[in-house]
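Engineer: One letter stands for each residue in the lines below.
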Amino acid sequence: MTKQLKLAATALGLILAAGAAQAQVTCGANTGTAATGAPILVGGIHGNAAPGDFSASTQAAAAYFACVNANGGINGRPIEYLVENDQWNPELAAQAASKLITDQGVVAMVGNGSFVEMAVNARTYQDAGIMTMASACAVSECFESPSIVSTNQGPLASTIGAAQYMVEAQESKNISCIGLAIPNVGPWSCGAMEGYMASKGLTGSSVYLNPASPDVNSGLLEAVASGADTILVNLPAGLALAFMKAAEEQGMVEGYKWASSTPLYDRSVPAALSDVWDGRMFVNAELTPWDKGGPDAINWLAVLDAYAPDAPRDTFSQSGFVSAKFFVQAMLALDPAKLDDRAAVNAAIKGIVGYESDLLCGPYYVGEADRHMPNHAGTMVVVKGDGFETVRDCYEYDSPYFAPIFENEKALGLN
Amino acid sequence: MARQANTSLVAGLSAAILAAFGLPLVLGGQWTGIFTSTACFAMAAMGAGFMYSRLGMVSLAQVALMGVGGWVTLRLNHAFSLPFETNLILAAVVTSVLGMLLAIPALRMRGLYLALVTLMVAGGLEVVFTAYQFPNGGAGFWGVGTSFAAEMRRPVLAQSDGAYLTYTLLVAMLGLLLIMAHRQTAPGRAWALIRRSEAAAIASGTNVTFYKTWAFGLSGLLAGLGGGLLAGSLGLLDASSFRASESILLFALVIVGGARFWLGAVIAAVLYRVAPGLLNNWGVDADLALIFFGAALLHAVTTAPDGIAGQITGLFRRREAKA
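Residue numbers (this note's numbering), protein chains in the order written: chain C, 1 to 415; chain P, 416 to 738.
So that you can see chain P by itself, here it is in the shape it has in the complex (with noise of 0.2 Å):
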């Protein structure tokens, strides 16, 4: 089991790596700003996939979390002279601490009642960014100013959209090597024995408190850098693009995907910005692919548990059986 698991990390790291530097090669310059896209939403969604697969905990925030880390990243850029990178890691550590405050009154619910506690935060969220909106070089606090919106720096090393292409996917499976160390160590034995049993895992000294509050800080984590990413990749933000609704639509792209895999999250992000893509490029309208999402998670729901990626991944080891 564990061999398989290290032999797909070697191949999601291989595909993350020949993606980082081949992408950009061969995409244009509408499928570059798509793929960036689909890389930031896919750091929310390893967030989103890895917490209800490790401990059965829905989180309906995560867009709403990226939001906060474009938030960050944007008022960072606009009030100081710091390069990109310190305000990416900056905002994800406030997005981080951000999802570890809003855990803790959540702890204690369970299923449907913390997925609706997390609903609620993605809503309050959303409606303090509509409130106050996103910096854009203006003056106070909140740094949002009428006039034309100040530049938004790049890493130094990414000023192309190509270049800003890889290093989105390059921090993207940096996000996917954190989860696979917290799996592999003591957090991972500790979110394993809490999902089987929280008792058990009281009763034999895990801190639950501790461990669920940290999941939650590494999903923010993940969607902060998401966030600051999509910030870097656009310039501007806009609190359209974080409704609590588009929170809800990742997680059961999710569970379409499949939570318990690291190609879950990417076919999730894939589903959710890459989709859309294609049906404008065909000329159809993008909403389209609501009513496909819709089936899929039907699909899921009913016939395939663990998603798409469950699906493919069971056909692998079928046929290695047979070899």
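Just chain C, with the same shape it has in the complex (with noise of 0.2 Å):
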């Protein structure tokens, strides 16, 4: 009885919680009212298959749009929003593009989430002169592209900002970096953090991963032998928790500190992860921890619960929401007329400046500069019990890659 009882205020709990999100939903132009005119073409392309699934970025993007559209979309225009599988292939992701771009004429690619596509693609979006505001990016074409600007940091920035962490509050002398060997993903990333110990006269190493075929257990003995004190895991969360779990099964978890980037920043990781790891394992979140709270935070829980209520939540599902909701903005601005124009639609994108989220821990930007990192500060979490406890708020990372970014900032006058 006592559990039955249980189960019914569960079940009305949650039906309060998800109406109280349903009354928090907050989207473009917010009238209530479906919007019916003829569909703007936005396109998206994120990667699924192995090695990860990177669609959460566009599902997030998707239900935002979605919302829009039920919201008074785009001055009574909805947005129709055109979504690729680039499934890690390069040949796909770049059928993909001509597809969204030549075939469907999108206005803009919002969302794009990929270890693949920015790398093939990067120069058809500046040949075409569309302006991809991406969210779960992982290659370094993505920041250091005039036609691409991403809302996540990217793995170069998060592993940075691990590191920085962990030798600034753990004390850690000695960081192997464990990466995959994509060359624009696990060694332009882990590279710079070896750039970054050097910088501190302290001790960076990597190894990588063969992606097709990761062998978790080879990649962490080199990393013991590499004499690190601290691993800081730089991968995929499905792949990083096959790392994790082989770390625990050879009793290696409490003889070192553990780091990771942002994919480990899943709501799902806490609960596969056993008792050993908690309050040993520090993540670094690229945008705000979920339960910071704020009006953003708060939407962007209500928007998947309403309109995506199996996408997950994680940083890149953040992401894709800020993504979609600076597109909205900038083209709620921009003159109706013009909003099948791709040209003007592009210069709206690149007039975006100082717009705010509490997602965020900085403003965004995206302007006219060849290379684009709005988002270069973010937040350490560590694993504790279900969830996650945040042991350091929003901070600047500390690396010289950041200087021309600092520069293009200057400029526009936000720095």
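These aren't lab readings, by the way, just hints derived from the structure by calculation.
It cannot be assumed that every hint is accurate.
[What the hints assert, rightly or not] Rough simulated footprint, nothing fancy, chain C against chain P, three-plus residues with beta-carbon under 8 Å:
1. 440–450
2. 544–557
3. 648–657
4. 691–702
[Said to hold, decoys possible] Pair ranges (Cβ atoms, derived):
5. C:G251 x P:F495: 50 to 60 Å
6. P:G709 x C:S268: 29 to 39 Å
7. C:D215 x P:A618: 49 to 59 Å
8. P:E735 x C:D215: 38 to 48 Å
Ideal Cβ placement from N, Cα and C applies to all residues, glycine included.
Given two chains presented individually in distinct reference frames, assemble the corresponding complex, making use of the accompanying hints.
Structural biologist: Okay, structure coming up:
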């Protein structure tokens, strides 16, 4: 009987919570009336196959666009969001971009998340005069291209952020970074971490796993052989969990300090870990913690609950939501007659300066630049119980890599 | 028989020319890319098909050799300012020489053992591609950088995707003509003799080692051309495209398409690249194509040893006979 009462109370609580979440949804013009005009075509590409699923960003963007469409759209016109999966395959990535840009004529790309597509398509976007507001970027091209701006930080900034925290707060002296053997992902980000460690007179090294057939045990042994006191896991969440499981089985958890870049900041991760990781795994969150509160943090969850209840709740999801929100904000400010004009939309996106969200530690901007990385400050959390606990709130990362980005910000009057 | 072969060749060339200049006019951006990839893999399929049909040799390294052609094309592009055509020809020659070198230890083997040796080669190349990646404009011998990939030059006459598809189809047509030329000259006669009886070929003075090595070289040349053209199409390549399993799949599709016919290579490449593209477009997992391929292979092995191309050719012949 008591169990039945508890179940009933839980169900009632969930219903009330869902109702409250529904009530909190705020999207675009927020008119409460569905948009009915001709659709505005917007594209998105994600990667979903081994070694990971990066579709959380496009799922969150799709949820926000659906919410915007139910609330007046862009001056009465709905957004038709066309999403393709590159399956981590360069050929499919190029074909997906051609389909969206050439065949379907999208005016912008929003919410992209992949290891592959940005590297293949960066020049295509540039040549087509289309701006990509990506959300789950993991390759150097994302942050070093004039036509891509990503809301997330990517593995380079996140890895440096995690290493910086471990050095400053956990007294790490020798860090081994575990990355994927994809030159513009693993070596790019772990290499920058090594540079950071060297700049502090400390030691950094890297171990790279084959993305097609990752051998986590040999990777772990290689990291241990490097003499590191800290192991920094810089892998997609699924693979990172497999790596941690191997460390646990070999009894290596307690002998080392552990850190991770942002993919492990996922709501499902703490439940997938055993107690031995409690208080031991420090994770860099590229956006602010989801339980921090604030209008956008609450709205993000409410929008997902209402329009994509099965979608993941992680950093890439937050990032997809923010990208979609800022895109809509820019489009609402654009002359309605120019919403189908790719050049005008591109200019409007490049005109974004100083947009703010409580999901980000700093202002978001695009601007006319040869590279973009508006998000370069993050939060550090630690696995605690069934969730995460913040151990360092918004902090700026310290690396020579960010010098040209700070110059761009100065030019835009932001820094 | 010779008349039928010539008719088939003329039909093939006419279709190729029509496709080369017609397809870019009617295809959208996505399908232009898909058909460009299809033409690249058709060249590798041609090589595997003629080796199997003319010499009974199974090569399970064709896609891996495409990777070699792609690697060399990218490396030359980023290292020197040579025109695309020069890079492509050099890549094809390097792949051809590599194909011949790899053939030498395999020449004493036949059937399953030869297939296994070529599969090991494909596996070895897969490890190299995964470990060292494909050049993207970085420094050093391997040319792999961690930052923005350098630009890949395309032929002067084929800068746009549509023009590049035309270019690729024309090169594939030249590849087909090269095979036809071999078939109708001394190598073709030697291969026919070797296939019938290696002992008889040796007794009649045919240099079996040379002609078998030459076949591997020609097959490698075609794969190298395909890989180089794929590199020009995408600008960068990934090890996942050249796994040993891809070589096995392509060979299986060559059997399904029909190894004896030029049309078989086209059908194999269409199944390999167009079928997954269609499934993707319909929102169906492209891996489902593997189930269809398995069923098609079973069908080919049990009831249609000449593959789909053989069935189509047989249909036309029966109609001609009736008329």
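Engineer: Check the structure against each numbered hint from earlier and tell me which ones fail, lowest number first.
Structural biologist: 8
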